[in-house]
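Asks: Residue strings, one per chain:
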Amino acid sequence: MNFIIYILKKLTYLTTVLIGIIILMFIIVQSIPGDPARSAAGPAASKERLIEIRENLGLDLPVYIQVYRYFGRVINLDLGKSIRTKKDVWDELVLYLPASIELVVSAMFINIFFGVLIGVYSAVKPRQIIDKLSNLITILGMGLPIFWVGIISQLLFYNIWDIFPYGGRLPAGVNPPQYQTGSYIIDSLLMWDLALLSISLHHLILPAFIMSLPELAVTARIMRNSILNVLNKDYIITAKAKGLNQSRILFVHAMKNAMMVPISLFGMQTGWILGGTLLVESVFSWGGLGSLAYNAIYKRDFPIIMGVTLVISLCFVLTNFSVEIIHKYIDKRLT
Amino acid sequence: MKKFRILPLLLISSVFIFFICSLNIDSNSVNKLDSKNRFNSPNLENYFGTDAAGRDVFNRIIAGTKTTIKIAFSVILIALFFGLIVGTISGYFSGIIDNILMWITDVFLSFPSLILALAINAAMGPGIDSAIFAVGIAMWPSYAKLLRTSIKSLKNEEYILSSKAMGASNLRVIFKHILPNSISPIIVQCSLDMGYAILAVSGLSFLGIGAQPPTSEWGFLVAEGQATILSSWWWSAFPGIAICYVVISFNLFGENIRDILLGGNNV
Numbered sequence: 000m001n002f003i004i005y006i007l008k009k010l011t012y013l014t015t016v017l018i019g020i021i022i023l024m025f026i027i028v029q030s031i032p033g034d035p036a037r038s039a040a041g042p043a044a045s046k047e048r049l050i051e052i053r054e055n056l057g058l059d060l061p062v063y064i065q066v067y068r069y070f071g072r073v074i075n076l077d078l079g080k081s082i083r084t085k086k087d088v089w090d091e092l093v094l095y096l097p098a099s100i101e102l103v104v105s106a107m108f109i110n111i112f113f114g115v116l117i118g119v120y121s122a123v124k125p126r127q128i129i130d131k132l133s134n135l136i137t138i139l140g141m142g143l144p145i146f147w148v149g150i151i152s153q154l155l156f157y158n159i160w161d162i163f164p165y166g167g168r169l170p171a172g173v174n175p176p177q178y179q180t181g182s183y184i185i186d187s188l189l190m191w192d193l194a195l196l197s198i199s200l201h202h203l204i205l206p207a208f209i210m211s212l213p214e215l216a217v218t219a220r221i222m223r224n225s226i227l228n229v230l231n232k233d234y235i236i237t238a239k240a241k242g243l244n245q246s247r248i249l250f251v252h253a254m255k256n257a258m259m260v261p262i263s264l265f266g267m268q269t270g271w272i273l274g275g276t277l278l279v280e281s282v283f284s285w286g287g288l289g290s291l292a293y294n295a296i297y298k299r300d301f302p303i304i305m306g307v308t309l310v311i312s313l314c315f316v317l318t319n320f321s322v323e324i325i326h327k328y329i330d331k332r333l334t
Numbered sequence: 000m001k002k003f004r005i006l007p008l009l010l011i012s013s014v015f016i017f018f019i020c021s022l023n024i025d026s027n028s029v030n031k032l033d034s035k036n037r038f039n040s041p042n043l044e045n046y047f048g049t050d051a052a053g054r055d056v057f058n059r060i061i062a063g064t065k066t067t068i069k070i071a072f073s074v075i076l077i078a079l080f081f082g083l084i085v086g087t088i089s090g091y092f093s094g095i096i097d098n099i100l101m102w103i104t105d106v107f108l109s110f111p112s113l114i115l116a117l118a119i120n121a122a123m124g125p126g127i128d129s130a131i132f133a134v135g136i137a138m139w140p141s142y143a144k145l146l147r148t149s150i151k152s153l154k155n156e157e158y159i160l161s162s163k164a165m166g167a168s169n170l171r172v173i174f175k176h177i178l179p180n181s182i183s184p185i186i187v188q189c190s191l192d193m194g195y196a197i198l199a200v201s202g203l204s205f206l207g208i209g210a211q212p213p214t215s216e217w218g219f220l221v222a223e224g225q226a227t228i229l230s231s232w233w234w235s236a237f238p239g240i241a242i243c244y245v246v247i248s249f250n251l252f253g254e255n256i257r258d259i260l261l262g263g264n265n266v
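Protein chains in written order, with numbering that gives the first Met the number 0: chain A, 0 to 334; chain B, 0 to 266.
This is chain A alone, in the form it adopts within the complex (with noise of 0.2 Å):
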């Protein structure tokens, strides 16, 4: 019962981050320069048609009575329409979300099992050739500018040994598969076409490998040093006397309890790749959130950018939520 009215209040509290986020959002967009009236019109238009664009827009009312207006439609999941291109924003982020959460979720794929993998490895041989070696890489990934990775990835992996393509998520000329998802992986093993699997993971690969470098860094690093504390408590010691097996006290005993610190790290980690996914997207001209977020912001699609940050907030604040249930859960069954 306690843990139900915890939720409740976790997700009240929640509910009104997001409509904090809302209004801040309003408040920067306010103070860009520029009219998004304009931009919609285009620059030829009337005083008049300006005028009448920002009445239908609801441009000409206090900032106030926008916010409120607005919170009336996202409460009925209206996120009204994209200013520019006049579609509904809904059209708008389902086209664009999908490539941006392929990415994400593969680089979070490489970023845990890599990450948890190199940990692990050089908290069971403390100081030798693996952990140092694990230590530049950490040391190595969390200094290294991504955009540049990736361009001198371009340089080598495409250019020099051809083994990786150039950017995109298909070759030109090849149509993507029937939209069902919008992630290329998942509808080409739909359609089971399997050619076409095969490629778009081809395509993949390197910018969600990329993506992930600064963050598998800060994992192995987490991870290395959660196992060793747990390595040194006395439950541990007790196992070890009782003469069970390396192996078993590594991955039954002390993992379950090193996995604490790790875990609501990922929720962290997820919302932060997120958030940038647009350094990558635009080396590697991905077509996802982060661009259409860049060109709205610079077009004053005022729409669309709220409509991204509202999505990318709910990802960041929803996984840190479970994330939280997660650590919750776990504890209950620890204490």
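In case anyone wonders, no lab produced these hints; they're calculated from the structure.
By construction, the Cβ of each residue, glycine as well, lies at the ideal position given by its N, Cα and C atoms.
Treat the hints with caution; some may be incorrect.
Heads up, simulated DSS-like pairs for lysine-lysine below, C-alpha to C-alpha not over 25 Å straight-line [said to hold, decoys possible]:
(1) Lys9(A) - Lys144(B)
(2) Lys144(B) - Lys8(A)
(3) Lys327(A) - Lys144(B)
(4) Lys1(B) - Lys131(A)
(5) Lys151(B) - Lys175(B)
(6) Lys255(A) - Lys239(A)
(7) Lys1(B) - Lys9(A)
(8) Lys1(B) - Lys124(A)
(9) Lys46(A) - Lys124(A)
(10) Lys144(B) - Lys175(B)
(11) Lys298(A) - Lys124(A)
(12) Lys131(A) - Lys2(B)
(13) Lys8(A) - Lys151(B)
(14) Lys327(A) - Lys151(B)
Footprint (simulated), chain A over chain B, 3 or more residues, beta carbon under 8 Å [claimed, not checked]:
(15) 92-106
(16) 119-130
(17) 195-209
Coverage of chain A stretches by chain B, computed from C-beta distances (three or more under 8 Å per stretch; other residues unrestricted) [to be verified]:
(18) 17-23
(19) 146-157
(20) 273-280
Fit chain B to the given chain A structure using the hints.
Replies: Showing chain B alone in chain A's frame:
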């Protein structure tokens, strides 16, 4: 008691030596066009080659050190300014003020930082200063949270309570007793964040909304060279290595400071 390690100290001093050199470089001579020496590959005269306008890439990188150091310190100062105010107030006064301030902090923390930076940048107009401000604004919540936690744990210490009992004002307690005693984790966080600040601002410059030409900001140099990377790789490659070098120097130095001030948890 842990000591300064030799490698981080060497790295960070080399960065500051480059910084001092960059202060003495005349930006006009760095940006002088030389049509005869366009796209020279690295050689003994131009260590890192030359760019499309015949400018020496090595000189431009050295000149850019100035901007990079400015970025690192100004971003941290901005984040620190807001973080200190919000964190101190909400840590010291509990109740409704604390709740409201923490709500604001959470709003900023959940806001996608790159989009926040883009929007602030669009509102202020492109330029290195607005990029610095935008990244600083995206960074302050972690300082506020850090300071709040450490003040909350200090607040009921006996020496704080007794100075209150003696009639010290809130401001006196905060500035005389609480801040000096909660400053170590903040210093550590600052030194660890400097590298991140450089990466974030150079990312904005790379997208074309940070530093504007002819500033020799490194992220901007990488973007400039991107178009001709096939024929002249050095134009993009070396500025990126420079970013990496400085960020790693700051990171290692920051970790060293953490080990000294907080005892370090590196097993």
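Asks: None of the hints should be skipped; say for each whether it holds.
Replies: Hint-by-hint comparison with the structure:
| no. | hint | in the structure |
| --- | --- | --- |
| 1 | Lys9(A) - Lys144(B) | 18 Å, holds |
| 2 | Lys144(B) - Lys8(A) | 20 Å, holds |
| 3 | Lys327(A) - Lys144(B) | 21 Å, holds |
| 4 | Lys1(B) - Lys131(A) | 21 Å, holds |
| 5 | Lys151(B) - Lys175(B) | 16 Å, holds |
| 6 | Lys255(A) - Lys239(A) | 16 Å, holds |
| 7 | Lys1(B) - Lys9(A) | 42 Å, violated |
| 8 | Lys1(B) - Lys124(A) | 24 Å, holds |
| 9 | Lys46(A) - Lys124(A) | 73 Å, violated |
| 10 | Lys144(B) - Lys175(B) | 21 Å, holds |
| 11 | Lys298(A) - Lys124(A) | 54 Å, violated |
| 12 | Lys131(A) - Lys2(B) | 21 Å, holds |
| 13 | Lys8(A) - Lys151(B) | 23 Å, holds |
| 14 | Lys327(A) - Lys151(B) | 23 Å, holds |
| 15 | 92-106 | holds (count 4) |
| 16 | 119-130 | holds (count 4) |
| 17 | 195-209 | holds (count 5) |
| 18 | 17-23 | holds (count 4) |
| 19 | 146-157 | holds (count 7) |
| 20 | 273-280 | holds (count 5) |
Of the hints listed earlier, those the structure fails to meet are numbers 7, 9 and 11, in rising order.
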